[in-house]
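Residue numbers (our numbering), protein chains in the order written: chain G, 1 to 292; chain U, 1 to 332; chain X, 1 to 276.
All the pointers check out, no bait thrown in.
DSSO-like, lysine-lysine: derived pairs with alpha carbons at most 30 Å apart:
(1) K131(U) / K207(G)
(2) K82(U) / K207(G)
(3) K72(G) / K254(G)
(4) K235(X) / K254(G)
Since the hints were made in silico from the structure, they are not lab data.
So the chains spell out like this:
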Amino acid sequence: MVCLTVLILSFGLSRASGNLAISIAGADASAEDIAKINHELGLDRPLPVQFVDWANRAAHGDFGESFLFHEKVSSLIEEHLPVTITLGLIAIAVAVVVAVPFGILAALYEGTYIDVAVGVVALAGQAIPSFWLGLMLILWFGVGLQWLPIAGLDDWTGYILPSIVLAFVAIPVMLRMTRSGMVDAMRSDYVRTARAKGLARISIVAKHALRNAAMPVVAVSAVQLGFILGGSVVTEVVFNIRGVGYLAWESIGKGDFPVIQAVVLLFSIIFVGLTLLSDLVGAALDPRLRGR
Amino acid sequence: MSATLKRSTNATLEVEGLRVSFGGMEAVRGIDLSVERGETHCLVGESGCGKSASALAIMGLLPGGARRSVRRLGFAGDEIGKLSERRMARLRGDRIGMIFQDPMTSLNPAYTIGSQMTEVLRRHRGLARDKAAERAVAMLDRVGVTAPGMRLGQFPHQLSGGLRQRVMIAMALLCEPTLLIADEPTTALDVTVQAQTLRLLAELQRELGLAVLLITHDLGVVARVAHRVSVMYAGEIVEQATTEALFAAPTHPYTRGLLDAIPVPGKVRRGDKLGSIPGIVPRIPAGFVGCAFRDRCAFAEPVCASNIPPQFASPDHAYRCRMAPDWWRATA
Amino acid sequence: MRTRQIPLLVGAVIVGVTALVALAAPLLVPHDPFAQNLAQRYISPAWMAGGSSEHWFGTDGLGRDYLSRLILGARISMLIGVATIILSGTIGTVLGVLGGYFGGKVDAFVMFIVSCRLAIPLILVALTVVFMVGSSLTVVVLTIGLLLWERFAVVSRAVTRQVCGLDYVAAAWAAGCSRLWIITREVLPNIVHHLVVIATVDMAIAILLEASLSFLGLGVPPPLPSWGLMIAEGKDYMYFKPWVIEIPGIALAVLVLGINLLGDGLRDSLGANTDR
Ligand SMILES: Nc1ncnc2c1ncn2[C@@H]1O[C@H](COP(=O)(O)OP(=O)(O)OP(=O)(O)O)[C@@H](O)[C@H]1O
Ligand code: SF4
Ligand SMILES: [Mg+2]
Numbered sequence: 001m002v003c004l005t006v007l008i009l010s011f012g013l014s015r016a017s018g019n020l021a022i023s024i025a026g027a028d029a030s031a032e033d034i035a036k037i038n039h040e041l042g043l044d045r046p047l048p049v050q051f052v053d054w055a056n057r058a059a060h061g062d063f064g065e066s067f068l069f070h071e072k073v074s075s076l077i078e079e080h081l082p083v084t085i086t087l088g089l090i091a092i093a094v095a096v097v098v099a100v101p102f103g104i105l106a107a108l109y110e111g112t113y114i115d116v117a118v119g120v121v122a123l124a125g126q127a128i129p130s131f132w133l134g135l136m137l138i139l140w141f142g143v144g145l146q147w148l149p150i151a152g153l154d155d156w157t158g159y160i161l162p163s164i165v166l167a168f169v170a171i172p173v174m175l176r177m178t179r180s181g182m183v184d185a186m187r188s189d190y191v192r193t194a195r196a197k198g199l200a201r202i203s204i205v206a207k208h209a210l211r212n213a214a215m216p217v218v219a220v221s222a223v224q225l226g227f228i229l230g231g232s233v234v235t236e237v238v239f240n241i242r243g244v245g246y247l248a249w250e251s252i253g254k255g256d257f258p259v260i261q262a263v264v265l266l267f268s269i270i271f272v273g274l275t276l277l278s279d280l281v282g283a284a285l286d287p288r289l290r291g292r
Numbered sequence: 001m002s003a004t005l006k007r008s009t010n011a012t013l014e015v016e017g018l019r020v021s022f023g024g025m026e027a028v029r030g031i032d033l034s035v036e037r038g039e040t041h042c043l044v045g046e047s048g049c050g051k052s053a054s055a056l057a058i059m060g061l062l063p064g065g066a067r068r069s070v071r072r073l074g075f076a077g078d079e080i081g082k083l084s085e086r087r088m089a090r091l092r093g094d095r096i097g098m099i100f101q102d103p104m105t106s107l108n109p110a111y112t113i114g115s116q117m118t119e120v121l122r123r124h125r126g127l128a129r130d131k132a133a134e135r136a137v138a139m140l141d142r143v144g145v146t147a148p149g150m151r152l153g154q155f156p157h158q159l160s161g162g163l164r165q166r167v168m169i170a171m172a173l174l175c176e177p178t179l180l181i182a183d184e185p186t187t188a189l190d191v192t193v194q195a196q197t198l199r200l201l202a203e204l205q206r207e208l209g210l211a212v213l214l215i216t217h218d219l220g221v222v223a224r225v226a227h228r229v230s231v232m233y234a235g236e237i238v239e240q241a242t243t244e245a246l247f248a249a250p251t252h253p254y255t256r257g258l259l260d261a262i263p264v265p266g267k268v269r270r271g272d273k274l275g276s277i278p279g280i281v282p283r284i285p286a287g288f289v290g291c292a293f294r295d296r297c298a299f300a301e302p303v304c305a306s307n308i309p310p311q312f313a314s315p316d317h318a319y320r321c322r323m324a325p326d327w328w329r330a331t332a
Numbered sequence: 001m002r003t004r005q006i007p008l009l010v011g012a013v014i015v016g017v018t019a020l021v022a023l024a025a026p027l028l029v030p031h032d033p034f035a036q037n038l039a040q041r042y043i044s045p046a047w048m049a050g051g052s053s054e055h056w057f058g059t060d061g062l063g064r065d066y067l068s069r070l071i072l073g074a075r076i077s078m079l080i081g082v083a084t085i086i087l088s089g090t091i092g093t094v095l096g097v098l099g100g101y102f103g104g105k106v107d108a109f110v111m112f113i114v115s116c117r118l119a120i121p122l123i124l125v126a127l128t129v130v131f132m133v134g135s136s137l138t139v140v141v142l143t144i145g146l147l148l149w150e151r152f153a154v155v156s157r158a159v160t161r162q163v164c165g166l167d168y169v170a171a172a173w174a175a176g177c178s179r180l181w182i183i184t185r186e187v188l189p190n191i192v193h194h195l196v197v198i199a200t201v202d203m204a205i206a207i208l209l210e211a212s213l214s215f216l217g218l219g220v221p222p223p224l225p226s227w228g229l230m231i232a233e234g235k236d237y238m239y240f241k242p243w244v245i246e247i248p249g250i251a252l253a254v255l256v257l258g259i260n261l262l263g264d265g266l267r268d269s270l271g272a273n274t275d276r
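The shape of chain G in the complex, shown without the other chains (with noise of 0.2 Å):
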């Protein structure tokens, strides 16, 4: 149903403007000129045919043909999609790697230093925009220290800065929901019960209290990777990296409403589906959930 309303969205977005043609033939193209383009992309057909054409195709992973590339939009996307969804798996473990013990720690010094500079350093996160972030690693370990390349995929170093970016996305919401999940857990009856029957701190912590934390945060992972994915196209510009969202910027640039159309539509689909990924994570790790 959502996918339904997006596959028209997508649609309705990339054909609002009705100077397509113009806008590949040139401003100064004839009347005959943009007619010819117009019919050889069946834009001079009525909108609804257009669009279930589309729609149809698309159903079948057929998006027609790139104005720009004049190849298909299927094999384009094939070809940019794998990079897009390494780097988004490497960050949003990166993520993970990275919130879940420092929420942990936080939450398990709640209050003290440790606790605020854990939550100034995620809100400071959260405001450093991610493209800027990208050039400042770039000039610090790419130019200044010459550690990692400043550009590219050529091997595995290249993923690195722009895992970690893509990462930033991600870390302060799930920092804050491993800590104050922890918190609650610390404080809940559970885990007083835990502590009357004795148990090792560590297996108060790391057994009681972690695992009804971590429920919720593994299955907003899920999510996060979602939003990540949105995100990739400022982080693949900024290391020129060409994925799916370099693709997006490239095509928008150039008005290549078929690549458009296609990439929006398959975003939402990937971010639908790991809602739904989500939600089955989420009932899958909570007993009460499970079998229901």
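Start from chain G and add chains U and X with the ligands according to the hints.
Positioned in the frame of chain G, the structure of chains U and X with the ligands alone reads:
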């Protein structure tokens, strides 16, 4: 000295001068009490008078922000007031068990009953998983849980409130403790389940020779199961006696208020809530002097604002009020 | 108590000062922010070698005074932030209150468009819209405002449902008060403090989003000095003069941090629970 009695020194639990404060407010203001083997000592009082704070302080389980001080905290002949958290943890769940008020939230929703029970035995007895499971099943059976083997695989949310409280009891008794502290163990349960649970506790106590510190605000429970009673008000024990003595001659005006001033013993029925006394338990700041009950007491005099020493109605019956031991006989 | 209010204070000061600078920008700029001087390109800031007190923050690639552009940029950021939350706040609150108040099909519809909105990749769609309509300050405000209302909707819906369940609202209902009366007199006063907190969150996001769009070349059009655009313009020169991107980047981060601190502090002191 509060209104309490010096007793033999071989008691299972001996508490002297226990204080708990939250910020500038004193929740427990120097209480003394002791519980002997095979004895049930009831701590009664209105909500907020410091019962839970006392119990948690004895267990070393106070929440962050609470401060405890205690002159003597004896357990089975040892002083445990100065033990490190690690040493204290070794006692908890092993030689001292505790049951809480709300069985719905006191079990971890994410783990099975089996996991939560066996971890106690694995921790304190070093038992292997299967041996621990055997013991857990036996204990569940003992506390009257039907189909105990199946329960091990279930999660807390799959059990009723009464069953969960039985699981909590079984869990607290797994290592055969010498002292059991139960903080309002039946308050959250249905009336019929309450009765069953109390009967079970009484039975287990007799059978295992447990010392039980039972917190309640149900005078019916006190009348039925307690050997000794401490009445608590605003962080102090205002009257302490054997159950018979207390019900026969309640002497502190607060106790009399709780009993609705019924002069004839045995008239308190099960399920009777504490009698309603106008006013609320005041919060007591540090450095407070005098009787804390004075703004609710019908007999308050200016002298009540000064320090009130404890008095004895009988060798086994102490109270803390300016009034003579038999004052109430005149008004009855 | 005092120490807990320090972040709120810091945030309030940052936002307050930026707002003042934004308002008084024309009076504060030491030079014309648009005046080019190709003979004076990339002059370093005053504290660096080669800098002069003539241009405190140096000059950009077209010889324009960087401090003046930064000051005018504050105005753009604040304008974007305030204008978009007014737009998105109105849309979101209306939708949320309607959904929360009427429930049933209305509510289902509201939740449906909220989930549609969430599924849309924000930056891509904003870029596309700005590309098609043509970039201008108004277009950026409208685009971001029309895209960023979901938080307002979700929170005002939740709070409205909660408020409508309260006894005195039911009493007002039973007493025959009109819907409009109940919504304006009972519901809105109860949600304003939540809305204020959301407004700070969304203002921060809007400012960052505008910067990203401008950075990608489809936001505020040159020669307007949006901070994001200043970073984009300085990008090619950053290897030689890192301060061209450092200065606007820090300005952006400090402002957004200030807004977030303010929002966090307000959340605590207004008791609005808007987590998640
Ligand atoms: N975590 C805490 N922080 C601050 N004050 C507390 C805290 N816990 C308890 N108190 C205060 O300590 C006093 C005693 O509380 P306690 O929980 O011991 O009462 P109680 O007798 O167990 O009451 P109830 O019958 O409601 O369980 C109360 O005045 C309460 O306000
Ligand atoms: S000491 Fe005074 S105020 Fe306190 S209970 Fe006795 S008579 Fe009442
Ligand atoms: Mg209590």
